[in-house]
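Asker: Single-letter residue listing:
There are 2 protein chains.
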Amino acid sequence: MNEIFERHSYRGAYLPEPVPRADLTKIMEAGLAAPSGCNKQTTSLIAVDDPALLAEIFAIMELSFCKSAPAVICVLTKRIVAYRDGWGKERWYGVQDYAAAIENMLLEAVSLGYQSCWLEGHVTDADEQGKRIAALLGVPEEYQLVCVLPLGKAAEPLKTAKKRPFAERAWFNRFGQD
Amino acid sequence: MNEIFERHSYRGAYLPEPVPRADLTKIMEAGLAAPSGCNKQTTSLIAVDDPALLAEIFAIMELSFCKSAPAVICVLTKRIVAYRDGWGKERWYGVQDYAAAIENMLLEAVSLGYQSCWLEGHVTDADEQGKRIAALLGVPEEYQLVCVLPLGKAAEPLKTAKKRPFAERAWFNRFGQD
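Protein chains in written order, with numbering that gives the first Met the number 0: chain A, 0 to 177; chain B, 0 to 177.
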């Protein structure tokens with residue numbers, strides 16, 4: 000699948016064209032189609048295309064890039080326990096669930112001609128940008144806002160992250176074996 | 000992207016046809032092409048197509064399904080810290096990284112005509128199936144085996160998980176707003 004190899008984290012400027020609601024919907028549908036542990040569907044999404052809200056979100060995030068994105072999708076997770084294991088320990092797959100949903104959205108965005116970047120680190124760091132963005136969007140307390148995906152058409156060339164070669168990360172039948 | 004909507008968790012029997020190495024390689028390349036926090040590439044993979052090893056893995060996993068899969072991909076993660084936040088707290092994105100890699104592999108598998116199922120719960124539960132599979136495959140201690148993906152052609156019809164409607168999980172500009 001070409002989209003998998005054409006997806007790159009984009010940190011450049013965006014063209015001022017808005018992202019149509021139909022495309023935001025398609026991208027969110029792709030996110031919601033991701034699998035979730037025990038089908039608990041712990042992930043929810045809010046697309047923001049209101050310019051005043053976008054400006055407030057980018058002000059909270061203090062980003063030096065992505066500020067020109069005409070839309071973002073905010074990713075929410077809810078602590079819905081999947082099951083208790085044989086030792087009584089609660090298993091929650093929310094991180095796996097939202098990560099799979101994000102990857103689907105990044106791929107769907109690429110397939111529709113948009114760029115994005117998985118912004119999670121500073122959103123969930125101790126400075127709690129995510130909490131402030133959640134308050135702005137009326138998100139109830141039982142949800143955590145964990146990621147912001149800027150969306151739009153790139154105004155600058157894409158950059159490719161350098162990755163270690165296949166033979167250092169993938170093997171057959173035994174660790175380290177070609 | 001059709002693959003996103005055609006992917007389902009498959010728990011049925013598999014046809015006995017082997018999965019060619021070229022296809023296992025393509026699927027693992029798709030996994031390694033996933034983004035990772037600060038590009039730390041915390042995810043590694045081992046494809047298993049040796050019938051004796053497969054039998055041992057399925058014996059450890061005590062599964063009532065997927066046992067007829069002609070191949071599996073085992074997903075490994077390594078604790079490589081992405082950065083320390085402004086409060087000195089270590090941030091590690093290994094779960095997000097391997098979940099995105101798994102989703103890419105599930106989609107690439109669908110695009111090549113295979114089925115799979117994200118098997119993580121019992122692999123990482125307190126009974127430590129993952130540790131025993133890792134020992135079998137010679138995985139060094141600094142890696143954790145977190146997921147097993149069976150791979151093969153389906154011998155039975157696919158089943159679709161029922162999901163809550165879009166309007167209950169995705170909104171515009173404010174939580175709960177159409």
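Calculated from the structure, these hints are not laboratory results.
Just to be clear, a hint being listed does not mean it is correct.
Same chains, same names: a pair is fine if it fits in one copy or spans any two.
[As the list claims (entries may be wrong)] In silico lysine-lysine, PhoX-like type, Cα no more than 20 Å apart, as pairs:
hint: 1; residue 1: K88; residue 2: K130
hint: 2; residue 1: K162; residue 2: K25
hint: 3; residue 1: K66; residue 2: K161
hint: 4; residue 1: K77; residue 2: K162
hint: 5; residue 1: K162; residue 2: K39
hint: 6; residue 1: K162; residue 2: K130
hint: 7; residue 1: K25; residue 2: K161
Remember, it's a predicted structure, so these values are computed and weren't measured experimentally.
Asker: Evaluate each hint against the coordinates.
Answerer: Now the hints, each set against the structure:
When the C-alpha separation of K88 and K130 is checked against a cutoff of 20 Å, the pair qualifies only between copies, where the shortest distance is 18 Å, while the shortest distance within a copy is 28 Å. Only between protomers do K162 and K25 lie at most 20 Å apart by alpha-carbon distance; the minimum there is 16 Å, versus 30 Å within a single protomer. In the homo-oligomer, the alpha carbons of K66 and K161 never lie at most 20 Å apart, since the shortest distance is 25 Å inside one protomer and 37 Å across protomers. Taking the closest pair of Cα atoms, K77 and K162 come within 20 Å of each other only across two copies (16 Å); inside a single copy the shortest separation is 33 Å, beyond that limit.
With identical chains, the CA atoms of K162 and K39 are at most 20 Å apart between copies only, with a shortest distance of 9 Å across copies and 33 Å within one. When the C-alpha separation of K162 and K130 is checked against a cutoff of 20 Å, the pair qualifies neither within a copy, at 33 Å, nor between copies, at 27 Å. Taking CA atoms no more than 20 Å apart as the test, K25 paired with K161 passes between copies only; the shortest distance there is 19 Å, against 30 Å inside one copy.
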